[in-house]
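All residue numbers for the sequence shown refer to UniProt numbering, where the first residue is 1 and numbers rise by one.
These are calculated hints, taken from the structure and not from any lab test. Bear in mind the structure is a predicted one, so any value in this text is a computation, not a measurement. Quick reminder that beta carbons are idealized off the backbone N, C-alpha and C, glycines included. Check before you lean on any hint, since a few could be wrong.
Said to hold, decoys possible - Label-pair ranges, simulated between beta-carbon atoms: (1) Leu11 <-> Val37: 19 to 25 Å; (2) Ala22 <-> Ala93: 20 to 26 Å; (3) Gly18 <-> Leu114: 22 to 28 Å; (4) Val37 <-> Ser3: 33 to 39 Å; (5) Ser48 <-> Arg6: 41 to 47 Å; (6) Leu114 <-> Ser3: 27 to 33 Å; (7) Arg76 <-> Leu42: 36 to 42 Å.
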Amino acid sequence: MASIRRVVAALFQPARAGQFLAVGALGALLDNAALVVLHDVLAFALLSAKLVAAETSIILMFAVNERWTFDSWGARGVRALARRLLTSNAVRAVGLATGIAVLFALTRAGVWYLAANVVGLGVGFVVNYCFENVLTWRVLAS
């Protein structure tokens, strides 16, 4: 029971969670803007537009989280940075798959695609936050 409390306490540090949420909001803005441009303006299929928009925002969010949210976590050096970038992309792929499932389920139910995307981003946020803490920046290691 004590280890569960330790995990919960490590994951839900208010300052870090707030920073991650702020970075996520920035990423969501970029994701939605890119989605509109790619889907509405450039006529990409919804799935293709979403994948490109998501990867663009994932790279931005990694860079900001690396320098701000998790600045005091993780080993230094190019190899450690590359490991975190690859791990973050793998982690975010799980959040992205979750978000895409929500996006398509809601759009098939008649929800406007941008509203459905925002809901999907919110669900993916929870997945991303937990796994980024544990796997990418290894906050439980200390």
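How the hints compare with the structure:
no.	hint	verdict
1	Leu11 <-> Val37: 19 to 25 Å	violated (35 Å)
2	Ala22 <-> Ala93: 20 to 26 Å	holds (22 Å)
3	Gly18 <-> Leu114: 22 to 28 Å	holds (25 Å)
4	Val37 <-> Ser3: 33 to 39 Å	violated (46 Å)
5	Ser48 <-> Arg6: 41 to 47 Å	holds (42 Å)
6	Leu114 <-> Ser3: 27 to 33 Å	violated (41 Å)
7	Arg76 <-> Leu42: 36 to 42 Å	holds (40 Å)
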